[in-house]
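As a plain string of letters, each chain reads:
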Amino acid sequence: MVISVQFHGTQRKLTRTSEIRVPVHEDCRVSDVFVHVKNRYPDLLLSQEDVWVSVNNLMSTMNQILNPDDRITFLPHIGGG
Amino acid sequence: MKIIKSLQYTPSPIKGGYTDQILQVDLSVHKISLLRLQPDFKEKYIGGRGYALKLIWDGTSEHTRYDSPENILVMAGGPLCNEPRFPGSGKFIVGTISPLTDTFIDSNIGGYFAPILKLCGFDALAVSGISESDVVLIVDADNGVIEIGEAPVFNDQINQGAISYGEALLKLLNQGELSENFAAVTSGIGASNTRFGIINSLFYDRRRKRIRVKQAGRGGTGTVMLRKGLKAVIVRSSLPKVGANNPVDEQGVKHAGASLKKVVSQVDPQQLRLSSWGTPVLVEYMDKYHILPVNNYQYGQHSDARAIFADVFLDRYFSKNVPDGCYKGCNLACAKGAENVTLKLGPQAGRQVSVDGPEYETAAAVTCMGIFDPHYIMEYNWYCDEYGLDTISMGVTASFLMECVQRGYLSEADIGYELVWGNKKSADRLLQETALGKGFGEICAQGVRRAKNWVAGRYSAKTGQPLDQVLKELGKFAMETKGLEYSMYVTKESLAQQGGYGFALKGPQHDEAWLIFIDQVHKELPTFEAKAKALKWFPLIRTWFNALGLCKLPWIDVRHPDAAKTDDPAQNQPTLAYYVQYLNATIGCNKTLQDILDDSERLQLLQKLINLRHGKGTRANDQIPLRAMGPAFINEYEDRADYYDAWLMDQVGEAQIPDDPEARHRLIINLRQKAYESLCDAVYSEKEYNSEGIPLPETLEKFDLMDDQARNLLAGLGVLDKEQRLLSN
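Here the protein sequences come in this chain order: A and B.
Residue 74 in this note's numbering sits at position 74 of the first sequence; the count goes up by one each step and never skips.
In this note's numbering, each number is its position in the second sequence, counted from 1, plus 1000.
For the record, the hints were derived by calculation from the structure and aren't laboratory data.
These figures come from a predicted structure and were not determined experimentally.
Glycine included, each C-beta is placed from N, C-alpha and C at the ideal position.
One or more of the hints may lead you astray.
Unchecked claim - Which residues of chain B face chain A? A partial, calculated answer using Cβ under 10 Å:
#1 H1063
#2 N1181
#3 L1239
#4 G1243
#5 V1281
#6 K1288
#7 W1647
To be verified - Below 25 Å or equal to it, Euclidean Cα-Cα: the simulated BS3-like pairs (lysine-lysine) are:
#8 A:K13 with B:K1288
#9 B:K1262 with A:K38
#10 A:K38 with B:K1565
#11 A:K13 with B:K1320
Excised from the complex, chain A in its bound form (with noise of 0.2 Å):
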């Protein structure tokens, strides 16, 4: 199956793309995309502490498992100054 990962901000600046779609294996989950844009984009300095997961635009977990057309988005924090 085939997901994609949105890229938003410095994201998208970085990676000079606002999406990418994935092939993964079922039962692939977020962890493991997290992994592969780790790799693919090493620029980005994603740390599993430093984001949040979102699915579908809904806040989700690195374990969750994924389905086929899945959008993911790894959110910086932003809290509000």
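Let chain A serve as the given structure and place chain B on it in line with the hints.
Relative to chain A, chain B alone:
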């Protein structure tokens, strides 16, 4: 420059972050006096907002309005202001009685003004009275003199502009040179002609080789300043800034500052990258999560929003690799700026200007008018700064009027031209007319609440519809609470942020409680109880920052890696520990986080008392527009029908969902209104208020605030006796 009054003085030294002295100026009689503070003053009121609150509580009355001579304009940093070894220490507070809310307003602002004012020997400046002619105030520590001078007159363009006038004045006072040892606050012609005038803080930036500006944006502080006849305040000191606070524990300050700077430099590049992108980075996330206030907060998202995402400003406008902190030593340095921006609209079209900004609020305010043009945002930013206008209040009032046109309450005949969403030319015309006090701009200049009353009266007279009925309809989308225009988030889907705006003592400004991302996006406040508790805790800690002279961003927008291991990661307590250490090392105490929350609660309660005194402190005043709670009109429901239907399903179950879309819409509104009322009850209980949002007498006693004025106030509200009866039962 003709000097009207002059006072020789010797600057008080700073010890442990304080000078223990306030500069008082009465412009009615051109009197300058130095007020020595008793030690318990700083212990109870801390600094910054606390000083402004206490001076206004004691020095004004329920009858004081923004233009009353006795109104006081306070500018105060705080004990932790002015330490380049700690990030974000150039902040100060401008506090006064607001022309928009008719109660206490304060707005925080960066730059060199407060640090230099402290080097001049003052923890605060308090200006009362009204001068018959325009004056400037000069506080010159290098020459040991404080002067009130006749405001110099330059050409019309300079005289009308906050930035232009300040720059000309700074050059005049320093033989044509700009220097880091001078700073100024000014406002512009827009502040004279509106109720939402800002105060600009001007300082010389050696790297950019020009004057930069930051703004106290909310609530009309600039309007008050100019109404007093005060065109500018200039401060001057060449004393070194590092270590100037003379902290009790030098090593403690160095350690706390170095620790925080290390976290900022390591973590910000992994998170929002505010240091390189600035706050406009938020716009993209606001759009993604339906919280961008498009068309007067009707919609949270727009297909054209991509045109104003932060990378557009970064690529086309922002200077690269220039760390634009608003004070020395801040390595977050989130302020951004651009050079050689050519204005295309307005009376100065064709002129090339430098723009400080935009912040995300300014970009969002332009989307409020349905405009998604980055160049227009740059122009809007510059004109508002130069005229001395709050970009938020200007945009929200203009967009309210645009929606009045959309819904048929106003016509082209009423306005004199077509005022519709997304039209840059008409938006600019309204901006110019508002700033210059011309045409329909005179209505816009009054802010949303007063504009709403004007529109309602006119429409009622024209159609014969009862005035109260028209006001009720307009109130659904007139985005103000307590008279202040909403800050820049669509709160429909975040109950916590609805409360964050509704309960904010100054009116709906995120400065007191910015919970929308941790609530709506991060889901860190999953329960009703968590939201209610956050609505007590966050305003307390944020008030504390505003009392100390500190920026909040290094704490709240750069989350410490260890925060995830704590009970409440959103509070980011590992970073707060550096702030507590910085406080204790500077002033020489041993406070805990709970101690500083208690200190802050006293200030919150004092502000609540002022609000009560001015008729803005009860539950009725915490009510928010329908649009802040949910889809106020059917078109907003229809725009996200799938989302709202799913929300209804979750709330009431499929069997209870009506077939008729209008009935669904009514049900959503009904549920949202009930939720907000429940939130009021829960938050008042958390804060130890009664059900009307009034502090219980014992709450005031606990914080030593039950003076005669407070006692009389509560007695007048019928609370004292009632609560005492309850207690005795």
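So which hints don't hold here, by number, going up? 1, 2, 3, 4 and 7
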